[in-house]
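Trainee: Below are the chains, spelled out letter by letter.
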Amino acid sequence: DGGITQSPKYLFRKEGQNVTLSCEQNLNHDAMYWYRQDPGQGLRLIYYSQIVNDFQKGDIAEGYSVSREKKESFPLTVTSAQKNPTAFYLCASSTHRDNSYNEQFFGPGTRLTVL
Amino acid sequence: RKEVEQDPGPFNVPEGATVAFNCTYSNSASQSFFWYRQDCRKEPKLLMSVYSSGNEDGRFTAQLNRASQYISLLIRDSKLSDSATYLCVANGANYGQNFVFGPGTRLSVLP
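Respectively, the protein sequence lines represent chains X and W.
Plus 117 on top of the position in the first sequence (first one is 1) and you've got the numbering used here.
Plus 9 on top of the position in the second sequence (first one is 1) and you've got the numbering used here.
Treat the hints with care, since some could be wrong.
[As the list claims (entries may be wrong)] Keeping only pairs whose Cα atoms sit at most 16 Å apart, straight-line, the calculated EDC-like set for lysine to aspartate or glutamate is:
1. W/LYS11 / X/ASP176
2. W/LYS51 / X/ASP155
3. X/LYS126 / W/GLU52
4. W/LYS54 / X/GLU220
5. X/LYS200 / X/GLU132
Hints in this document: simulated from the structure, not taken from any laboratory.
Just chain X, with the same shape it has in the complex:
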């Protein structure tokens, strides 16, 4: 089955710890994205990557880091510098050609709670 997987589904972290959220896709999509969603609010872009070994900051990149060593994988690290990390984290992917973006497909998300 083709799709996007995220793990873990739920994650609990103590203050001061870094955690890494996994995102894998087997859709052969070029572009991948990380969003954060807070209760009752819309999605905010954290980072995105259009191609392997390249990524760009979104609206709220502070306190987060990413890597894109493989086309299929785009892990997100939430560092201790992120002041309010409790949220629903969504990974997405899409095809991307010549600065034109196609529709995005989302993974099931990871709920991160800081204790």
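Position chain W relative to chain X; hints supplied.
Mentor: Same frame as chain X, but now just chain W:
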């Protein structure tokens, strides 16, 4: 002004009703528009793309008005299963014309 704005609702409608949502976008250079549906505590799922000439998919009709910079979604013959939050999406002005998601409009279809 936010890049993509929606009325948060909630819209409470009886089964069988017709309901319409509007969404405005600020980037006049936007080229791609979509409607997504998000169920409670789940990921957004693509409902439909929005084409310049308008498009229909079963009970759902999407329209684009470039002059006024808004898109609309019409749902006919509402079902209980249509209850969800509907997200409007357009290209943003920043980050390589990446997508910007509206905050969503919540719909509750009542029996």
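Trainee: Compare the structure with each hint and give your call.
Mentor: Hint by hint, here is what the structure shows:
1. Between the alpha carbons of W/LYS11 and X/ASP176 the distance comes to roughly 13 Å, so the proposed pair stays at or under 16 Å and holds.
2. Among the hinted pairs, W/LYS51 with X/ASP155 is consistent with the structure: their alpha-carbon atoms are about 13 Å apart, no more than 16 Å.
3. Proximity of X/LYS126 to W/GLU52 is assessed by CA-CA distance (about 12 Å); at most 16 Å being required, the pair is judged to hold.
4. Taking the CA atoms of W/LYS54 and X/GLU220, the gap is near 10 Å; set against the 16 Å cutoff, the hint holds.
5. As the CA atoms of X/LYS200 and X/GLU132 are separated by approximately 9 Å, the hinted pair is consistent with the 16 Å bound.
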